[in-house]
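J.: What follows is each chain in one-letter form.
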Amino acid sequence: MTLLSQLWNRKIEKVVWYLVPVLIFSFLGFLDAAYLTATHYLQAPVGCSLIAECDTVLTSAYAEMFGIPIALFGALYYTALFGITLALLDAKRLLVFMVLGLASGTGFLVSLVLIGIQMFLLEAYCQFCLLSAGISIAIFLILFLMFWKRVYSRVF
Amino acid sequence: MVKYKHMEQNAQPAQQDLTKKERKQLRRQQKEETRAQESKKRKVQRLGMWLLAALAFAGAGGGVVWLVQKSVPDLPVAGPAEILAQDQVKGSDQARVVLVEYGDFQCPACASFYPVVKTLTEEFRDEIAIVYRHFPLTSVHAKAVITARAAEAAALQGKFWEMHDLLFERQREWVQGDEQELLVQYARELELEEELFLEDLNSPAVRDKVEADRVGGLQARVNSTPTFFLNGERIQNPRSYAEFYDLIVAALEQEN
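The listed protein sequences correspond, in order, to chains Z and G. Start counting the first sequence at 1; every next residue gets the next number (the numbering used here). Start counting the second sequence at 1001; every next residue gets the next number (the numbering used here).
No lab work stands behind these hints, which were simulated from the structure alone. Careful: at least some of the hints might be erroneous.
Okay, derived cross-link-like pairs now, EDC-like style, lysine to aspartate or glutamate, Cα gap no bigger than 16 Å in a straight line [claimed, not checked]: (1) Lys1159/G <-> Asp1200/G; (2) Lys1159/G <-> Asp1126/G; (3) Lys1118/G <-> Glu1162/G; (4) Lys92/Z <-> Glu13/Z; (5) Lys1040/G <-> Glu13/Z; (6) Lys1043/G <-> Asp90/Z; (7) Lys1118/G <-> Glu1101/G; (8) Lys1041/G <-> Glu13/Z.
Anything over 10 Å on all C-beta distances counts as not near chain G; from chain Z, calculated [what the hints assert, rightly or not]: (9) Arg10; (10) Trp17; (11) Leu31; (12) Ala38; (13) Thr39; (14) Leu42; (15) Leu86; (16) Arg93; (17) Leu94; (18) Ile115; (19) Gly116; (20) Met119; (21) Glu123; (22) Phe144; (23) Arg150.
The structure presented is a predicted model; accordingly, all values stated were derived computationally and were not measured. Just so it is clear, CB atoms sit at the ideal spot from N, CA and C, and this is done for glycine as well.
Using the sequences and the hints given, assemble the complete structure.
T.: This is how it looks when you write it as structure tokens:
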């Protein structure tokens, strides 16, 4: 408990310019994932105009986990990420930053796995999935930069 | 210091009567009030920020669902075991053995299966129903959708199978040539009403039919063409006419 309160009491400053892009990317990621979730449940055409193999990816066995489409997990992930980022902007606490970093790190790893599945197991790509993976990776890199510039040097 | 005191006395003459201690207290009180006001203002701002974010997500989510809903074809989607009113059927739609083909007019394998399936149709006539559904592989076949639509447009004038046959027979011609021009030529050859054909070719009804077929194929996990379903069960593409024939005979025997 004391560690948690210590982390809570540590404040981090000058992070708006890192967090606003994270908010924007999270929102875009949410739109992308919400679109794929909606097409999944409404059985609508996805519009695979750029890379037409996306049907192969989106109907593959890897598109679902426990009967829930990966896209829905994605939409929830981006919503959570947006919420945590907003909380960090609201109360600039080290603890909130660590939660955000943990969430984003998980998203980063999952994105790498999903890209790997498309590359090596399916040998087919879906632009909406790649876009989402790109967004997750970008968010992680922004947060890593922020950690380097604003957190590591000042707090530790 | 003196100047400050002077100004303060000017600004608030009532304070002249207060003792030094009382004045200090008053000032502290004022400071606390402005702080409380500021904190209240900040609270409202924060609440506004969270509300705005929640609204943005709800709005965006709702908007996305609405847009996707609008793009869903109006037609029902058929499973591989059933025949719907919109389907293109050869033979008897009352037959107990149903062969469903998911095909793409531009796919070479479909073209080589075409004479096989046609002979089967003639062989079994009213004993089986043969259903053709579109599964255009748009990534590799740029002309798959337009030709699927051409067949459906011909269907509206009662000549689906005639157009279907022509498209497979002359696959090489329209794949290499100008398909827009050639489709009109085929329509003329089949004595279709040309203007109506062209109108139907781009109509929402025809687009929806092709899309409904494709979605049905996706749901049935079709990923290559041609894919055949015999009484709802996916079969490995037979390597010869005889093999295909035997499969259908076996299915007929099972039903009888």
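J.: All hints, please: hold or fail.
T.: Do the hints match the structure? See the list:
no., hint, result
1, Lys1159/G <-> Asp1200/G, "13 Å, holds"
2, Lys1159/G <-> Asp1126/G, "19 Å, violated"
3, Lys1118/G <-> Glu1162/G, "12 Å, holds"
4, Lys92/Z <-> Glu13/Z, "7 Å, holds"
5, Lys1040/G <-> Glu13/Z, "22 Å, violated"
6, Lys1043/G <-> Asp90/Z, "10 Å, holds"
7, Lys1118/G <-> Glu1101/G, "12 Å, holds"
8, Lys1041/G <-> Glu13/Z, "21 Å, violated"
9, Arg10, "20 Å, holds"
10, Trp17, "17 Å, holds"
11, Leu31, "6 Å, violated"
12, Ala38, "4 Å, violated"
13, Thr39, "6 Å, violated"
14, Leu42, "5 Å, violated"
15, Leu86, "6 Å, violated"
16, Arg93, "14 Å, holds"
17, Leu94, "19 Å, holds"
18, Ile115, "19 Å, holds"
19, Gly116, "21 Å, holds"
20, Met119, "17 Å, holds"
21, Glu123, "12 Å, holds"
22, Phe144, "24 Å, holds"
23, Arg150, "21 Å, holds"
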